[in-house]
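Chemist: Following the hints, position chain B against chain A.
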Amino acid sequence: MLQDILSAKKALFAADVHTELRGQKSRNRRVVLLNGDIIGNVRSDVSGISARVYRSGVYGFSSMAEYTSEAAETVLKAATENAAFMDRHAGIGKSPLPSLPAKKIPPKAELHDPEQKIYVDFAREVDAYIAEHYPKLASRRVVSTEDSMEKLLVVSDGADAHIIAPRSYLYVMMTAQTDAGAPVELFKAFGGRGTFDLNFADPSALYPEIDALYERLMQKREGIYADAGEKTVILGGMMTGMLSHEAVGHTVEADLVLGGSVAAHNLNKRVASDLVTLTDFAHTAFGETCPLPVYVDDEGTEATDAALIRDGILTGYMNSRESAQHFGMQPGGNARAWAFSDEPLIRMRNTAVHPGKDRLEDMIASIDDGYYLIDSGNGQADTTGEFMFGVTMGYEIRKGKLGRALLDTTISGVAFEMLKTVDMVSDKLEWSSSGFCGKKQPMPVGMGGPALRCKVKIGGR
Amino acid sequence: MERLNELARDILAEAKAQGADYAQCSVSESEKKEFNVDGGRFSLMRTLYNRNVVITVLKEQRKGTVQINQFESEAIRDAVRDAIAAAESGKPDPAWEYAEGPVEQEFTDGAPDCDTDKLFERTKELLETIRLRHPKILMEQMITEHDAGYEVFMTSRGVTYRTRSGAYSFSLMYSGHEGEKSTSFYGSDIKLKDLDKPVIECGFIERDLAMVEKQIDPKTLEGKFTGPVVLAPYALAEIVLWTIIGNFVSDSCLIDGTSIWKDKLGEQVADPAFSMSFEPYNEDVVVRSRHTGEGYPTEDFDLIRDGKLVSFVLSQYGANKTGGKRSGNTGSNMRIKAGEKTLEELISGIEKGILVMRFSGGQPAPSGEFSGVAKNSFLIENGKITEALSETMISGCVPDMLKNIRGISSDVLTDGDGSLPYIAFNGLTISGK
Chain A
1 MLQDILSAKK
11 ALFAADVHTE
21 LRGQKSRNRR
31 VVLLNGDIIG
41 NVRSDVSGIS
51 ARVYRSGVYG
61 FSSMAEYTSE
71 AAETVLKAAT
81 ENAAFMDRHA
91 GIGKSPLPSL
101 PAKKIPPKAE
111 LHDPEQKIYV
121 DFAREVDAYI
131 AEHYPKLASR
141 RVVSTEDSME
151 KLLVVSDGAD
161 AHIIAPRSYL
171 YVMMTAQTDA
181 GAPVELFKAF
191 GGRGTFDLNF
201 ADPSALYPEI
211 DALYERLMQK
221 REGIYADAGE
231 KTVILGGMMT
241 GMLSHEAVGH
251 TVEADLVLGG
261 SVAAHNLNKR
271 VASDLVTLTD
281 FAHTAFGETC
291 PLPVYVDDEG
301 TEATDAALIR
311 DGILTGYMNS
321 RESAQHFGMQ
331 PGGNARAWAF
341 SDEPLIRMRN
351 TAVHPGKDRL
361 EDMIASIDDG
371 YYLIDSGNGQ
381 ADTTGEFMFG
391 VTMGYEIRKG
401 KLGRALLDTT
411 ISGVAFEMLK
421 TVDMVSDKLE
431 WSSSGFCGKK
441 QPMPVGMGGP
451 ALRCKVKIGG
461 R
Chain B
1 MERLNELARD
11 ILAEAKAQGA
21 DYAQCSVSES
31 EKKEFNVDGG
41 RFSLMRTLYN
51 RNVVITVLKE
61 QRKGTVQINQ
71 FESEAIRDAV
81 RDAIAAAESG
91 KPDPAWEYAE
101 GPVEQEFTDG
111 APDCDTDKLF
121 ERTKELLETI
131 RLRHPKILME
141 QMITEHDAGY
151 EVFMTSRGVT
161 YRTRSGAYSF
171 SLMYSGHEGE
181 KSTSFYGSDI
191 KLKDLDKPVI
201 ECGFIERDLA
211 MVEKQIDPKT
221 LEGKFTGPVV
231 LAPYALAEIV
241 LWTIIGNFVS
251 DSCLIDGTSI
261 WKDKLGEQVA
271 DPAFSMSFEP
281 YNEDVVVRSR
291 HTGEGYPTED
301 FDLIRDGKLV
311 SFVLSQYGAN
321 KTGGKRSGNT
331 GSNMRIKAGE
341 KTLEELISGI
351 EKGILVMRFS
361 GGQPAPSGEF
371 SGVAKNSFLI
381 ENGKITEALS
391 ETMISGCVPD
401 MLKNIRGISS
411 DVLTDGDGSL
421 PYIAFNGLTI
431 SGK
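The listed protein sequences derive, respectively, from chains A and B. Read in order, the letters of the first sequence correspond to residues 1 to 461 in the numbering used here. Read in order, the letters of the second sequence correspond to residues 1 to 433 in the numbering used here.
In isolation and in its complexed conformation, chain A is listed as follows (with noise of 0.2 Å):
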């Protein structure tokens, strides 16, 4: 655990300026095993200390990869003498940042340290099941990760906090391949927020999923290819995830905006149908903890939800607090950073669309020529909210019922437009927490949501 070196340092925050000091510890695990053999098997950490500080509308930061008090003294100084070149050579003079109130909030997780022996082992008995029970597929991959980070934050303003935020998952990805000889693969993330140790106790407990992989995989073998064109679908509460996160998301976080998005014209508009609300949770989300709660962010903000589209209409932006001064907002905890080396930004959380009220069966029955389409490999989004999301897994569905199953495909269309068809939302929320947003730096970050109806562009052959 990081001791506490900076608090002393509060002696030496300018008077004049706004000031964040941060003590940072990120660690990351990762065994790899490619049809059995150990190709990865690494283990990092890293500490630092870095210092930001805002002066007249514009920063200063600096980094420095030792967690010392003389680290500490030498970024403080670094960081404040580039806030007054920027300052002197492009300052705005922009009145200071709104204060917020002194408050301490202590670490809401634990932190231990497995053995790499428990990262390798897992993986290996999970591998060689995969491997005596479907020797028929091409080639199989496991992996098993955590990546974690505690942070210690001095603010000049704000909330001082200890962040501890650990994250783990077990990868497993499956190639076959059709009789053609083309190969088709599927991949599925196990866990979620808290150490390896917790999350994966017993391998047994995921070979029911995994077989259901592989039965996915054997119809995906003989899928088909979508038929181009727009479509009525089903978007299953992954693909939902994604949408909310890629598409409307970033269109939404306020630097964004002032780059020019899409919702930069569209605040207090509607933007969707009546059935669809969405919002970026910090913590908590219909009672249950959310996948990766954020507590307090980088800049000392205590973080509060952000209501984002409430029945249908654009409500809000994701800020930090030079953008919720800017925009007359406020800031809701939302500027997080990677690295110690890496200033805060603003990011999204926990993003989801909230459930209605449809049972996905009955979705599924209305539909007489479309798609269920369930898992997304990897999405992107414009600024002008127009969206591609690669489609991994998905059906057919024919007069009311699932068909065959589909080829790797993709989805097309511009999220404020595509929203407004949504008429029917189910009553379940799914979350996604596996993988990395990536803006400037990368960063862990929740998204779920109901399945929806809606229509969509599908790429075909």
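Treat the hints with care, since some could be wrong.
[Stated by the list, open to error] Computed list of lysine-lysine pairs in DSSO-like fashion (alpha-carbon distance at most 30 Å, straight line):
1) B:LYS118 with A:LYS77
2) B:LYS197 with A:LYS269
3) A:LYS231 with A:LYS440
4) A:LYS439 with B:LYS118
5) A:LYS231 with B:LYS433
6) A:LYS440 with B:LYS118
7) A:LYS231 with B:LYS219
8) B:LYS33 with A:LYS10
9) A:LYS440 with B:LYS136
10) B:LYS308 with B:LYS341
11) B:LYS118 with A:LYS455
12) B:LYS433 with A:LYS25
13) B:LYS181 with A:LYS231
14) A:LYS25 with A:LYS117
15) B:LYS219 with A:LYS269
16) B:LYS403 with B:LYS308
17) B:LYS33 with A:LYS94
18) B:LYS197 with A:LYS440
19) B:LYS193 with A:LYS440
20) B:LYS181 with A:LYS455
21) A:LYS439 with A:LYS455
22) B:LYS91 with B:LYS118
23) B:LYS341 with B:LYS325
24) B:LYS219 with A:LYS94
25) A:LYS188 with A:LYS231
26) B:LYS33 with B:LYS214
27) A:LYS420 with B:LYS433
28) B:LYS337 with B:LYS262
29) B:LYS32 with B:LYS181
30) A:LYS103 with A:LYS9
31) B:LYS124 with A:LYS439
32) A:LYS231 with B:LYS91
33) A:LYS455 with A:LYS428
34) A:LYS439 with B:LYS219
35) B:LYS33 with B:LYS91
36) B:LYS262 with B:LYS91
37) B:LYS124 with B:LYS136
38) A:LYS439 with B:LYS214
39) A:LYS439 with A:LYS108
Just so you know, the hints here were simulated from the structure itself, not pulled from any lab data.
Modeler: Leaving out everything else, chain B in the frame of chain A:
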């Protein structure tokens, strides 16, 4: 550098003392100066002092790797212990193999010293020039930086590389705006050895800004057709080149046997006009990758020569696993041989097709099939660019595309890492609303 050298020696001695059969380490120190522009104005200046230590050990043919950023002896001792414990928890794999010494080399590459004031001036000048020449462009984010440092790579088999290197880099992300209308965002990147000339004159920055400015009022294409697609350098890399590397020719897909090119060495896989190489020693490259992660010195090599697959991109480990041959490097500094026609000439022969500057698509399948959105794209009609397009999807299959090349441009984007032309392909599926 001497301090890093000593530290590397200490790490290897510690690994030997703790029972490693083989050890290697990379020890580095770096300093970065960075300016950020957000929403069209300066927002941040950063100074980063970084360190890195990566230790890899082999014990009884089992491998473990640890990364830390501390130089203190206690931290080093613990890191070596963790690397050995990681190795001991694995299973033996005789394919791990590392370079034999003696090799001792020292290099200086790129721009190891930073002129911070000049970097700021060139950043400011670039921002102002864009504002004047391209008033419809909003710079969503621009990051300009100088990153430099020292690295010592040393192995217990007498291999040592000492490198001092640095480079300036400019990364721009922008979109065009007029009232409430806006374009897709687009990014331009360039790595430079010096700041001798205005940055807008480097790479395709000026050309790309002008193209994006013309995309403010895009049309939606009606219907679906099969036709030629001209891919600009970044879209070419995204759709075609990364798929070749990731799905067909590298360690992972050859070891697991999913590469559809695994038996194609020596065969024609592309049009004879297509040649693809990896050339860290090309004079355009700012910072050369001098050695591989396994300690072998790098050299330039051809992957595809006149359409024929002449090599894979294999590490020694990958070569041992697949019975192949280690390649000259592990896939850095990619170059595609330029053609003879200008972009304009390439377009002039197309009756109906599209030009794509950026691609937003799903991960191509192992077979090379892909589909996705043609971003920042234009309609080509009767040999001319007629209008900008939105919501247009393209799909195709990379191995088929390589055999259906219509033409390769003589204009190439040289960005300090590699060199890429525009390529026109026949027979892609293009679909609008």
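Chemist: All the hints need checking, so say for each whether the structure fits it.
Modeler: Right, here's what the structure says about each hint:
1. B:LYS118 with A:LYS77: Satisfied, since the Cα-Cα distance of roughly 22 Å is no more than 30 Å.
2. B:LYS197 with A:LYS269: The given pair, whose Cα atoms are some 46 Å apart, is violated under the 30 Å limit.
3. A:LYS231 with A:LYS440: Roughly 34 Å separates the two Cα atoms, so the pair is violated.
4. A:LYS439 with B:LYS118: holds (27 Å)
5. A:LYS231 with B:LYS433: holds (11 Å)
6. A:LYS440 with B:LYS118: holds (24 Å)
7. A:LYS231 with B:LYS219: Within the cut-off at roughly 21 Å; holds.
8. B:LYS33 with A:LYS10: Status holds; Cα separation ~25 Å.
9. A:LYS440 with B:LYS136: At roughly 24 Å apart (the allowed maximum being 30 Å), B:LYS136 and A:LYS440 satisfy the hint.
10. B:LYS308 with B:LYS341: holds (22 Å)
11. B:LYS118 with A:LYS455: Given that 30 Å is the threshold and the Cα spacing comes to 52 Å, the pair is violated.
12. B:LYS433 with A:LYS25: Roughly 49 Å separates the two Cα atoms, so the pair is violated.
13. B:LYS181 with A:LYS231: Since the Cα atoms of B:LYS181 and A:LYS231 sit roughly 27 Å apart, the hinted pair holds (cutoff 30 Å).
14. A:LYS25 with A:LYS117: At roughly 22 Å apart (the allowed maximum being 30 Å), A:LYS117 and A:LYS25 satisfy the hint.
15. B:LYS219 with A:LYS269: Cα-Cα ~24 Å, so holds.
16. B:LYS403 with B:LYS308: holds (11 Å)
17. B:LYS33 with A:LYS94: holds (24 Å)
18. B:LYS197 with A:LYS440: holds (27 Å)
19. B:LYS193 with A:LYS440: holds (23 Å)
20. B:LYS181 with A:LYS455: holds (24 Å)
21. A:LYS439 with A:LYS455: holds (28 Å)
22. B:LYS91 with B:LYS118: violated (53 Å)
23. B:LYS341 with B:LYS325: violated (36 Å)
24. B:LYS219 with A:LYS94: The given pair, whose Cα atoms are some 40 Å apart, is violated under the 30 Å limit.
25. A:LYS188 with A:LYS231: holds (26 Å)
26. B:LYS33 with B:LYS214: violated (34 Å)
27. A:LYS420 with B:LYS433: holds (17 Å)
28. B:LYS337 with B:LYS262: OK: B:LYS337 and B:LYS262 at ~24 Å, within 30 Å.
29. B:LYS32 with B:LYS181: Outside the cut-off at roughly 37 Å; violated.
30. A:LYS103 with A:LYS9: holds (17 Å)
31. B:LYS124 with A:LYS439: holds (23 Å)
32. A:LYS231 with B:LYS91: violated (50 Å)
33. A:LYS455 with A:LYS428: holds (20 Å)
34. A:LYS439 with B:LYS219: Within the cut-off at roughly 29 Å; holds.
35. B:LYS33 with B:LYS91: With Cα atoms ~43 Å apart, B:LYS33 and B:LYS91 exceed 30 Å; violated.
36. B:LYS262 with B:LYS91: holds (26 Å)
37. B:LYS124 with B:LYS136: Holds - the C-alpha atoms of B:LYS136 and B:LYS124 are around 18 Å apart, at most 30 Å.
38. A:LYS439 with B:LYS214: holds (26 Å)
39. A:LYS439 with A:LYS108: holds (26 Å)
Hints 2, 3, 11, 12, 22, 23, 24, 26, 29, 32 and 35, counting from the list given before, are not met by this structure.
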